[in-house]
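Sequences are here, hints too, so could you generate the full structure?
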Amino acid sequence: MKQAARIGTLAAALLAASLAQAADPLDAIATAARSDSSFSGFSAERGAALWGRKGKDWSCSTCHTADPRKLGRHTVTGKTIQPMAPVSNPKRFTDAAKVDKWFKRNCRDVFNRECTAQEKGDVITWLRSVTPSSVIP
Amino acid sequence: MNKAMHLQRFSAAAALCLVVVGMPLAAHADNAKKPAPSNPVWQEECGSCHIAYPPRFLPAESWRSMMGALDRHFGTDASLDARTAATIETFLVQNAKRGKPGQKPDGSILRITETKWFRSEHDEISAAKWKSPAIGSAANCGACHPGADKGSFRERDIKVP
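Protein sequences, first through last, are from chains A and B.
Heads up: the first sequence begins at 1 in the numbering used here, then just goes up one per residue.
Heads up: the second sequence begins at 1 in the numbering used here, then just goes up one per residue.
Read the hints as simulated data drawn from the structure, not as lab findings.
Heads up, some of the hints might be wrong.
[Stated by the list, open to error] Calculated pairs, DSS-like style, for lysine-lysine (alpha carbon to alpha carbon, straight line, at most 27 Å):
no. : chain 1 : residue 1 : chain 2 : residue 2
1   : B       : Lys150    : B       : Lys131
2   : A       : Lys79     : A       : Lys54
3   : A       : Lys79     : B       : Lys159
4   : B       : Lys116    : A       : Lys79
5   : B       : Lys150    : A       : Lys91
6   : A       : Lys101    : B       : Lys150
Right under this line is the structure:
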């Protein structure tokens, strides 16, 4: 019994430690971006520009709206999409697997290719910089 | 093994339990009074761009073809990692529409809205109605079936806008 309890405590401690350590998804993107020797950091301005850039038919703002503090709408199905700016939706950019999955899909849909680590980092940096009083062009 | 890997293994095991426990429940839920079959992975992944369309509206063959080409899914990329896709495919196939004995269902149809069943069930709705702004497309089940996102299509709840 005692041993079982000890194993239980250990497992709980391990789980708590892992959760506390849950890495910021931007860290892995930054590591990937740094493998390009010309990398000199992420830029919110570049991220904002990418957001409105039209590819094949759509831009990111087609479904997510130009103002990422607002609710979006899937342009084909009409389904509501929760805001992309963490100031309005704190769950954004907290789950690395989710972030990777959607960048891959949505960049292919919009630009017909995957986004680079630089582009992903720029977009996240911009969306995180948006505050309730930011002026969105 | 580091802590992050421990956590990954732990959540993988937990997810597996959910799936294993969820399946037999789902398989017996044919009766309309019981809740519609559900699966948390399917609900999350297939319910992010539209309602999670219930598996009972398409035969297993259709679900298999669809799951094999998620990167080209009705004009969008809905790709998933292989393990998640396999979990969802199992759920869809187990709860799929069953053909009449001896009759091979047509698995070439990928849209519920293009099946014979759907067309005859909805034959009183005009082409103009389907295209009206409040509906947009026949695939937008929730416009007329308010419980569609929870798998409910009961006749007495129907409200055509």
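Those earlier numbered hints the structure runs against, lowest number first: Every hint satisfied by this model.
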